[in-house]
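**Student:** Here's the letter readout for the chains.
2 protein chains.
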Amino acid sequence: MKSLEERIRKDGVVIGDDILKVDSFLNHQIDCQLLEDMAKEWHKEFGDAKVDKILTIEASGIAMASFVAKEYGVPLLFAKKAKTRNLAGDVYTTKVVSFTHSTTYDVMVSKKYLNQGENVLIIDDFLANGEALKGLIDLCKQAGANVVGCGVSIEKGFQAGGDTLRKMGYKVVSLARIKAMNSQNGIEFE
Amino acid sequence: MKSLEERIRKDGVVIGDDILKVDSFLNHQIDCQLLEDMAKEWHKEFGDAKVDKILTIEASGIAMASFVAKEYGVPLLFAKKAKTRNLAGDVYTTKVVSFTHSTTYDVMVSKKYLNQGENVLIIDDFLANGEALKGLIDLCKQAGANVVGCGVSIEKGFQAGGDTLRKMGYKVVSLARIKAMNSQNGIEFE
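So the protein sequences, as listed, match chains A and B. Residue numbering for the first sequence follows our numbering, beginning at -18 and increasing consecutively. Residue numbering for the second sequence follows our numbering, beginning at -18 and increasing consecutively.
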């Protein structure tokens, strides 16, 4: 998506050769007009696929997923990072490894809101190793829901997550796909 | 706001006499068309007040605040719950007491995105004791930003937060204000 790539070039900050900070417009301070445009782009890319629900993970996926839910006219569900180990029996849980924070955490959704046979479009801000998306896919599997695909804002194409998910058969639509980046030469998109 | 009150009556679940669960449409699974309608209602209530930025707190404020930011055509900024005690010097931080979870936590925003003289409209899902809103107001004060007011989805009018904030001189617009509630008799709105 041209306007997203231009915005990343203009306002993104590359640190070293694998960290891209986009907190001025995407995941701390947020340009909501851009998010609405991104939602329309995902809708176009996923075409006529039937979507009953949008699923994302707190916190930085919520804003963009909200506009996708509005675009499709379906509910948004966001997976919560579990604050306690004593989870009630009425939730699906899965583990997500965070490379950024070098931790593993539990994420959960209420069983009431993820149902067998539902067609779920998963949305998240970054795709690197794909751990968050795999966790969300696992929640859908536990519920017997059908994963329509994954919409991602920024894919680090030089990390393995996107290709792994595609090989598993999932349709992954990344609006900006980075081939290479470093703080000297900036960003090269695919 | 009539449609929000009706939705709370229909889908809200009262537990005991002070817990209201709205996770089927407002803060876990989310009806984004309702959020867009709420954003328009806040815009109407705050009238011609100049607004440069929307501020909320993760995670359950983000979706509704996104639609307010889109409605006003201004950026959204969400305060993050700090995961570490070692915060870099480039953030404003404040402490928020959570009565729900019986804990105190730090919230932070980057100094880059909250600026002196900016007119900030604060949005959050619930107002009970007002601790989260007071924390967000404190962040604005530290930055020298001007608080235009606070837009709240659901105010528990039988708790002190709303009146305290109004006595402090802040304009607080709650789209549904609960006078009393309990699991036997349901909800009475003001």
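Be a bit skeptical, because a hint or two may be false.
One copy or two, it doesn't matter: identical chains are merged, so the pair holds either way.
[Unchecked claim] In silico PhoX-like pairs for lysine-lysine, Cα to Cα no more than 25 Å straight-line:
#1 Lys92 to Lys(-9)
#2 Lys148 to Lys25
#3 Lys160 to Lys76
#4 Lys93 to Lys2
#5 Lys76 to Lys62
#6 Lys25 to Lys92
#7 Lys76 to Lys61
#8 Lys31 to Lys21
#9 Lys(-9) to Lys148
#10 Lys160 to Lys92
#11 Lys2 to Lys31
#12 Lys31 to Lys115
#13 Lys92 to Lys(-17)
#14 Lys148 to Lys92
#15 Lys2 to Lys21
#16 Lys2 to Lys61
#17 Lys(-9) to Lys93
#18 Lys(-17) to Lys62
#19 Lys(-17) to Lys122
#20 Lys61 to Lys(-17)
#21 Lys(-9) to Lys122
#22 Lys148 to Lys93
#23 Lys122 to Lys76
FYI, nobody ran anything at the bench for these hints, they're computed from the structure. Keep in mind that this is a model prediction, so the values were computed, not measured.
**Student:** For Lys(-9) vs Lys93, is the C-alpha pair at or below 25 Å within one copy, between two copies, both, or neither?
**Tutor:** between (42 Å within a copy, 16 Å between copies)
**Student:** Treating 25 Å as the Cα threshold, decide for Lys2 and Lys21: within, between, both or neither.
**Tutor:** within (24 Å within a copy, 32 Å between copies)
**Student:** How would you classify Lys25 and Lys92 at a CA-CA limit of 25 Å: within, between, both, or neither?
**Tutor:** Neither way: Lys25 and Lys92 sit 30 Å apart in one copy and 37 Å across, limit 25 Å.
**Student:** Please work out whether the CA atoms of Lys31 and Lys115 approach to 25 Å or closer within one copy, between two copies, in both situations, or in neither?
**Tutor:** within (21 Å within a copy, 43 Å between copies)
**Student:** If the cut is 25 Å between Cα atoms, do Lys160 and Lys76 qualify within a copy, between copies, both or neither?
**Tutor:** neither (28 Å within a copy, 41 Å between copies)
**Student:** Given identical chains, is Lys(-9) near Lys122, meaning Cα to Cα at most 25 Å, within a copy, between copies, both, or neither?
**Tutor:** Neither way: Lys(-9) and Lys122 sit 39 Å apart in one copy and 30 Å across, limit 25 Å.
**Student:** Indicate which option fits the pair Lys(-9), Lys148 if close means a Cα-Cα distance not exceeding 25 Å: within, between, both or neither.
**Tutor:** neither (33 Å within a copy, 44 Å between copies)
**Student:** When Cα atoms must be at most 25 Å apart, do Lys92 and Lys(-9) count as within-copy, between-copy, both, or neither?
**Tutor:** between (42 Å within a copy, 20 Å between copies)
**Student:** Give the relationship of Lys(-17) and Lys62 under a CA distance limit of 25 Å: within one copy only, between copies only, both, or neither.
**Tutor:** Neither way: Lys(-17) and Lys62 sit 32 Å apart in one copy and 33 Å across, limit 25 Å.
**Student:** At most 25 Å between alpha carbons: which applies to Lys31 and Lys21, within, between, both or neither?
**Tutor:** Answer is within; shortest intra-copy Cα gap is 15 Å, inter-copy 29 Å.
**Student:** Under a CA distance limit of 25 Å, which applies to Lys148 and Lys93: within one copy, between copies, both, or neither?
**Tutor:** neither (31 Å within a copy, 41 Å between copies)
**Student:** Can you give me the call for Lys122 and Lys76, within, between, both or neither, at a CA distance of at most 25 Å?
**Tutor:** Within one copy only: 14 Å inside a chain, 39 Å across chains, cut-off 25 Å.
The structure is inconsistent with the numbered hints 3, 6, 9, 10, 11, 13, 14, 18, 19, 20, 21, 22, although it conforms to all the rest.
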